[in-house]
Amino acid sequence: MDYQEEQKQELEILESIYPDELTVLQAEYPGIQLQIDVTVDPVPMENSSYTVDSISNRHILHVRFTLPDNYPDEAPVIDIEPEEVPKFNRGDGSDEEEEEENEVEYDDHGNPIVSDFENLPDKIHFDEFVEECVEKLNLQVEEDMLLGMQMCFALVSNIKDAAEQWFQERLSELEKEHDRMLLEKEQEEQKKFRGTKVTRETYLAWRSKFREEFGLDERDAQRRLQAHQGRLSGRQIFEQGLAGDEDMAEDEESVVSEGVKALAV
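Take the sequence shown: its position 130, counting from 1, is numbered 137 in the numbering used here, and each next residue is one higher.
These aren't lab readings, by the way, just hints derived from the structure by calculation. There could be a bad hint or two in this list.
Calculated pairs, DSSO-like style, for lysine-lysine (alpha carbon to alpha carbon, straight line, at most 27 Å) [unchecked claim]:
#	residue 1	residue 2
1	Lys167	Lys94
2	Lys143	Lys167
3	Lys192	Lys167
4	Lys216	Lys192
5	Lys183	Lys130
6	Lys204	Lys192
7	Lys192	Lys130
8	Lys183	Lys199
9	Lys167	Lys15
10	Lys130	Lys167
11	Lys204	Lys183
12	Lys199	Lys216
13	Lys143	Lys130
14	Lys216	Lys204
15	Lys130	Lys94
DEER-style ranges, computed between Cβ atoms [claimed, not checked]:
#	residue 1	residue 2	range
16	Ala161	Asn77	15 to 21 Å
17	Arg187	Asn77	47 to 53 Å
18	Asn77	Lys143	19 to 25 Å
19	Glu149	Pro93	37 to 43 Å
20	Leu232	Glu195	50 to 56 Å
21	Ala161	Glu193	47 to 53 Å
22	Gln33	Gln194	58 to 64 Å
23	Glu149	Glu171	22 to 28 Å
24	Glu91	Lys15	31 to 37 Å
25	Glu193	Gln42	44 to 50 Å
26	Glu171	Gln194	33 to 39 Å
As the structure is a computational prediction, the values presented were derived from the model and not from experiment. By construction, the Cβ of each residue, glycine as well, lies at the ideal position given by its N, Cα and C atoms.
Given the sequences, and given the hints that come with them, work out the whole structure.
This is how it looks when you write it as structure tokens:
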């Protein structure tokens with residue numbers, strides 16, 4: 008195989024396919040280098056809350072191929088550099104506005120405040136995609152048996168498809184995470200209005216502690232003592248066995264009367 012001729016022919020084909028996207032960095036064999044700028048056209052999934060118009064930036068992947076001397080019998084060396092370009096010109100001060108938009112706000116406890124609406128597509132960056140993509144491309148060369156064939160066009164097509172699919176999946180993950188955080192926020196807000204569930208045990212414990220803190224039992228005892236002018240009540244005399252036979256009827260009547268009053272209360 009005439010490697011120089013093969014590489015020259017492929018370069019001519021790529022120039023016709025990518026008249027605006029292709030840049031020849033090194034045209035002389037050996038060591039031919041070329042760069043193809045791949046524009047990613049991500050489309051959110053149908054069940055997404057976002058549309059194409061929600062995406063503020065254009066994502067471009069600068070794919071650089073370095074062809075070995077014996078290419079295409081040997082795979083090219085691939086480098087990918089991502090770039091983000093705003094779709095619309097924001098005018099002067101855009102950097103400051105972008106910093107304000109990306110600034111994270113925190114609550115009194117130091118937790119980040121979750122906004123009900125965030126433009127999640129703008130939080131996706133292809134830096135984390137690049138390394139994974141290059142690894143998969145090297146596997147593709149072997150699995151698709153591309154060695155011995157002109158493969159740059161096939162690899163570029165694969166990069167574009169993989170990038171757009173990755174964007175969809177990443178956006179879906181961010182949406183699920185955002186929904187989960189909103190649900191947690193809502194549950195925390197609801198806790199403020201629910202309070203603590205009251206049971207008989209918790210009420211009795213609270214009542215005992217409340218009466219102890221404010222000395223209500225002691226105050227009630229003093230009031231009863233004052234009400235009887237320091238004398239024992241009929242109930243107390245009866246309970247302590249101090250009443251004589253002649254006083255039993257009167258004391259029993261007093262005890263019953265007090266019991267009825269207590270029940271009425």
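27 Å limit on alpha-carbon distance, applied to hinted pair lysine 216 and lysine 204 = Between lysine 216 and lysine 204 the Cα gap is close to 18 Å, so the pair holds against 27 Å.
Does the Cβ-Cβ separation between glutamate 91 and lysine 15 fall within 31 to 37 Å?
-> For glutamate 91 and lysine 15 the Cβ distance comes to about 34 Å; the hint holds.
Given the range 22 to 28 Å, decide if the beta-carbon distance of glutamate 149 to glutamate 171 lies inside it.
-> With a Cβ separation near 24 Å, glutamate 149 and glutamate 171 satisfy 22 to 28 Å, so the hint holds.
Pair hint outcome, lysine 192 versus lysine 130 [Cα-Cα no greater than 27 Å] | At roughly 21 Å apart (the allowed maximum being 27 Å), lysine 130 and lysine 192 satisfy the hint.
Hinted pair lysine 192 and lysine 167, Cα distance within 27 Å = violated (37 Å)
Range agreement (Cβ of glutamate 193 with Cβ of alanine 161, hint 47 to 53 Å) = Holds - the Cβ-Cβ distance for alanine 161 and glutamate 193, about 48 Å, lies within 47 to 53 Å.
Indicate whether the distance between the beta carbons of glutamate 149 and proline 93 respects the range 37 to 43 Å.
-> holds (39 Å)
Compare the distance between the alpha carbons of lysine 143 and lysine 130 with 27 Å, and conclude whether the hinted pair is satisfied.
-> holds (24 Å)
Please work out if lysine 130 and lysine 167 have their alpha carbons no farther apart than 27 Å.
-> Holds, at about 19 Å.
For the range 50 to 56 Å, tell me whether the beta carbons of leucine 232 and glutamate 195 fit it or not.
-> holds (51 Å)
Using the Cβ atoms, figure out if glutamine 33 sits within 58 to 64 Å of glutamine 194.
-> Because 60 Å falls inside the window, the suggested range holds.
Given the hint that lysine 204 pairs with lysine 192, does the C-alpha gap stay at or below 27 Å?
-> holds (21 Å)
Of the numbered hints listed earlier, those contradicted by the structure are 3, 4, 11.
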